[in-house]
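**Student:** Model the full assembly from the supplied sequences, consistent with the hints where possible.
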Amino acid sequence: MIAASKSSHRDSSAKALRNTSFWFAAVALLCLSMADLDISTPNPWGELGLMAAGALSPAVWSWPTLLTSLANTFSFALQGIALASAVGFVLALGYRFTLVRAFCAFIRSIHELFWALLFIQIAGLSSLTGLLAIAIPYAGTLAKIYGELFEEVDPSPITNLPNLSHKGSLSRFCYTVLPLAWRSMATYTSYRFECAIRSSAILGFVGLPTIGFHLETTLSEGNYSEAAAFFYALLLLIATLRFWLQKRLLPLYLISVFYYLPPQAQTSWQLVKRFISEDIVPAPLRGQANLNAESLGAFGQWCNQLWQHQIWPGLINTMLLGQIVLVFTGLLALLLFPLNSPLFFRGWRGFGDAILILLRTLPEYLLAFLGLLIFGPSMVPAILALGIHNGAIIGHLVGRHTDELTLRADVGTGLNLYFYEVLPRIYRQFLAFLFYRWEVILRETAILGILGITTLGFYIDSAFEEFRFDRALLLILASAMLNIGVDHFARWLRQRLHLKSIPESL
Amino acid sequence: MNSPLFEFTNQRLTYEGRLVLDNLSLRIHPGERVALIGGSGSGKSTLLKALREQCPDQIAWCPQQPGLVPMLSTFHNIYMGALHRHSVFYNLANLIKPLPAAKRAVSEIAQAIELQHQLFSPVDRLSGGQQQRTSIGRALIQERSVFLGDEPVSGIDEYQSEVLLNLIFQRHNTVVLALHDVAQALRVCSRVIGLKDGAIILDAPSAELEASDLADIYGISDSSLNPPRQ
Numbered sequence: 001m002i003a004a005s006k007s008s009h010r011d012s013s014a015k016a017l018r019n020t021s022f023w024f025a026a027v028a029l030l031c032l033s034m035a036d037l038d039i040s041t042p043n044p045w046g047e048l049g050l051m052a053a054g055a056l057s058p059a060v061w062s063w064p065t066l067l068t069s070l071a072n073t074f075s076f077a078l079q080g081i082a083l084a085s086a087v088g089f090v091l092a093l094g095y096r097f098t099l100v101r102a103f104c105a106f107i108r109s110i111h112e113l114f115w116a117l118l119f120i121q122i123a124g125l126s127s128l129t130g131l132l133a134i135a136i137p138y139a140g141t142l143a144k145i146y147g148e149l150f151e152e153v154d155p156s157p158i159t160n161l162p163n164l165s166h167k168g169s170l171s172r173f174c175y176t177v178l179p180l181a182w183r184s185m186a187t188y189t190s191y192r193f194e195c196a197i198r199s200s201a202i203l204g205f206v207g208l209p210t211i212g213f214h215l216e217t218t219l220s221e222g223n224y225s226e227a228a229a230f231f232y233a234l235l236l237l238i239a240t241l242r243f244w245l246q247k248r249l250l251p252l253y254l255i256s257v258f259y260y261l262p263p264q265a266q267t268s269w270q271l272v273k274r275f276i277s278e279d280i281v282p283a284p285l286r287g288q289a290n291l292n293a294e295s296l297g298a299f300g301q302w303c304n305q306l307w308q309h310q311i312w313p314g315l316i317n318t319m320l321l322g323q324i325v326l327v328f329t330g331l332l333a334l335l336l337f338p339l340n341s342p343l344f345f346r347g348w349r350g351f352g353d354a355i356l357i358l359l360r361t362l363p364e365y366l367l368a369f370l371g372l373l374i375f376g377p378s379m380v381p382a383i384l385a386l387g388i389h390n391g392a393i394i395g396h397l398v399g400r401h402t403d404e405l406t407l408r409a410d411v412g413t414g415l416n417l418y419f420y421e422v423l424p425r426i427y428r429q430f431l432a433f434l435f436y437r438w439e440v441i442l443r444e445t446a447i448l449g450i451l452g453i454t455t456l457g458f459y460i461d462s463a464f465e466e467f468r469f470d471r472a473l474l475l476i477l478a479s480a481m482l483n484i485g486v487d488h489f490a491r492w493l494r495q496r497l498h499l500k501s502i503p504e505s506l
Numbered sequence: 507m508n509s510p511l512f513e514f515t516n517q518r519l520t521y522e523g524r525l526v527l528d529n530l531s532l533r534i535h536p537g538e539r540v541a542l543i544g545g546s547g548s549g550k551s552t553l554l555k556a557l558r559e560q561c562p563d564q565i566a567w568c569p570q571q572p573g574l575v576p577m578l579s580t581f582h583n584i585y586m587g588a589l590h591r592h593s594v595f596y597n598l599a600n601l602i603k604p605l606p607a608a609k610r611a612v613s614e615i616a617q618a619i620e621l622q623h624q625l626f627s628p629v630d631r632l633s634g635g636q637q638q639r640t641s642i643g644r645a646l647i648q649e650r651s652v653f654l655g656d657e658p659v660s661g662i663d664e665y666q667s668e669v670l671l672n673l674i675f676q677r678h679n680t681v682v683l684a685l686h687d688v689a690q691a692l693r694v695c696s697r698v699i700g701l702k703d704g705a706i707i708l709d710a711p712s713a714e715l716e717a718s719d720l721a722d723i724y725g726i727s728d729s730s731l732n733p734p735r736q
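In order, the protein sequences belong to chains C and Z. Just so you know, the first sequence maps onto residues 1 to 506 in this note's numbering. Just so you know, the second sequence maps onto residues 507 to 736 in this note's numbering.
To be clear, the hints were calculated from the coordinates, so they are not data collected in a lab. All of these numbers come straight from a predicted model, not from anything done at the bench.
So the derived label-pair ranges between C-beta atoms look like this: (1) Ser633(Z) x Ile255(C): 38 to 44 Å; (2) Ser633(Z) x Ser169(C): 29 to 35 Å; (3) Asp410(C) x Ser633(Z): 39 to 45 Å; (4) Ser169(C) x Asp719(Z): 42 to 48 Å; (5) Tyr596(Z) x Leu271(C): 42 to 48 Å; (6) Gly661(Z) x Ser13(C): 38 to 44 Å; (7) Ser169(C) x Glu620(Z): 30 to 36 Å; (8) Tyr596(Z) x Met481(C): 42 to 48 Å; (9) Val594(Z) x Leu254(C): 20 to 26 Å; (10) Glu664(Z) x Ile255(C): 55 to 61 Å; (11) Arg346(C) x Ala689(Z): 56 to 62 Å; (12) Gln266(C) x Phe595(Z): 36 to 42 Å; (13) Asp719(Z) x Arg183(C): 49 to 55 Å; (14) Ser190(C) x Phe595(Z): 27 to 33 Å.
Just a few of them, taken from the derived set where beta-carbon distance is under 7 Å, the chain C residues facing chain Z: (15) Gly168; (16) Thr176; (17) Pro179.
For each residue, glycine too, the CB sits at the ideal point set by N, CA and C.
**Tutor:** Next up, the structure:
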């Protein structure tokens, strides 16, 4: 009886998973039919050939430049993550307050490149800009993770202590919750540090002196051999981190990076004041001491114009592309996870996972930039870049999840094993990972607009180029709202489908 | 007689929404040594929790599940009971590096509960009995007048457990313990309260009771007075 009711519950929940997957795929197909998938370059294979040739013959044009940009990339990332984990920790202490949660969701919904574009206006292309651009969104992300970890720890140690007043609550927290959550916090923070290095590298694309700056220059000029050298240097930096970035040496590295690249900027309060009180104020309201009907009317019109010509098309394209990428990411992840599974690549698993980690290490923005050079401006490079990067991340995690499966001894092999035994068992976890990643995918989709795909980032970048900071800010807020909305929707879906998701390294 | 420390009049006690004890009337006065006995699920833990809520400021609490922080040392797990007596800065400094005064205070207790040799090893390396002693240590260091213990010595051998119980009696004026060992309850406590089926079915001074009187509470014949462990 119990077994019967349990299995019928399973059936209905399996049906819900199937239906959800079907609708996501159907919507993605519909989006695909509306997407701009033109390949506008005359000879994409030729360009790809040149790149491959460059990749096989890396050439260092100037060692000092290479090493400096590498050091800068590392410094921004380490400073950023250090500040972010400190701020994120403090925010996580108040994570039970809705206002704090909303604030964290807001600061992490704005991509680090957008933060960089904002700070460049105030603090120029300075070390302070680089630090803040990384620290702010990462603080929001880390606060969320730390906050969730604090909520998940075993509550009995703290409830067993004498609870006299709120006075001792910080002491109690530090003796119970903190040590219980510490290891997970450290693991997650170190994973985020790897992401921060990618972010830091990418900041070069908007002009900061990291490795992305030279990647952009050399790639645009078609110097693929030089670009390859910078690219390999970045990969080497990330791949060797665990050998030299050790816990006990961390204070030393922290002191060094702050000594090497002290956060500073040539700025003045006047500049900051002007930016806040004039530049980002919507044009029709600028310089108006008090609001009257006329200026409000003009403001309404300004908003309407911006909505019709930029926000709405930007939102539509962002969602369109985001949906295609989400489903493509899912398909790739399902295709790739056997690489990291003991069930499929027993002896070769280390090698397979190395491929996934390599694909994960490639910054999506850089991949999209390469795609743009090959295929020309359309949604194709963005779909490929985001799909490969995110598909590898989820594939890696799903593959690791198959470790926990216990299958019967006479189980089939190959496709039978995949479709009959493994896929049904991991599908729930796979969807959980995918929906958890959705918010990030959308953030990245918006940002790729900077490369010329007409998502929100395209309009934001144009507004910055035209020095229309009021527009830029409103567009950034629109993209933030979209991300927050999708995050909520994804959480609702995860709850509705009973998907458990542990944040770990997403 | 002086006024009671704990008092229930026709109270309903629930655990996770489930009614455990109905129509409960009970008084416990300062200076009493009370043993709660009864089979598993009879409501001993629920009653102890309710007692704790009545005057949380006076109580040294020793729960059945020690709820220690596994990665911290025995020293820190015991010291935790004294957090409220010190400033947050002192506590944080002591977390990073044990301070002399705290070390003295904790060592004294560790000696009494025979954990002095395990003081600085992580508590997850200790045996179950040692962890339970750590939990007792964490309650002792609170220096309260009332001790509430839920099977505080259940995993410890008879001789050792009697030593620990005596230590608890020495340092607390009022003691309420849930115990499964009926003979021990009669030996060490002055009053025995028996719980069964959501009600108090026995409440008497232990001097007036014999072990065989208590057999009914566990619903077993009086010849085998060692009830199943929880």
